[in-house]
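2 protein chains.
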Amino acid sequence: MKAIVNVHLKKGVLDPQGKAVHHALENLGFKNVEDVRIGKQILIELKAQSVEEAEKEVKEMADRLLANPVIENYTVEILQ
Amino acid sequence: MKAIVNVHLKKGVLDPQGKAVHHALENLGFKNVEDVRIGKQILIELKAQSVEEAEKEVKEMADRLLANPVIENYTVEILQ
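These protein sequence lines map, in sequence, to chains A and B.
Going by our numbering, the first sequence opens with residue 1, and the numbers climb by one from there.
Going by our numbering, the second sequence opens with residue 1, and the numbers climb by one from there.
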């Protein structure tokens with residue numbers, strides 16, 4: 001089974017990487033950009049009996065390792 | 001308009017960050033993980049007249065700055 005975990009900084013947390021990319025895009029002539037935020041997308045292949053079991057396990061991975069709950073939010077999507 | 005750009009290393013390109021996370025998950029007791037790949041998810045807010053225009057502009061951003069075409073693939077999704 002395949003899981004997609006998207007991890008992003010919470011609203012209000014400064015995103016210097018996003019700011020740098022925003023600035024670089026403006027310097028390249030892209031004037032219509034209003035905001036850029038950069039996060040991680042983690043693809044996990046795992047063995048699981050069901051979607052529910054996979055989701056539970058991947059959420060535990062996110063809580064324990066993949067995301068920092070103080071400054072980051074995450075979403076989990078399971079593909080079969 | 002909002003655009004989501006997902007950037008991942010191409011198949012066959014070594015992903016040491018993914019390997020490290022895979023190893024860390026195993027050490028935490030997650031034994032069902034078969035593979036981990038880590039990419040970037042870039043969220044862009046931009047002004048555009050249409051979805052087509054936004055998609056064209058964001059693809060150009062990806063080609064010129066956001067992705068390295070030698071080792072990375074990307075996908076673009078436009079949300080209204």
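In case anyone wonders, no lab produced these hints; they're calculated from the structure.
The reader is advised that the hints may include incorrect statements.
Identical chains share a label here; the pair holds if one copy fits it or two copies do between them.
To be verified - Using 20 Å as the maximum straight-line C-alpha spacing, the simulated PhoX-like pairs for lysine-lysine come out as follows:
1) Lys-56 - Lys-10
2) Lys-11 - Lys-31
3) Lys-56 - Lys-11
4) Lys-47 - Lys-2
5) Lys-31 - Lys-10
6) Lys-47 - Lys-10
7) Lys-31 - Lys-2
Predicted model only: the values in this text are computed from it and were never measured.
Q | In rising order, the numbers of the hints this structure does not comply with | A | 1, 2, 3, 5, 6
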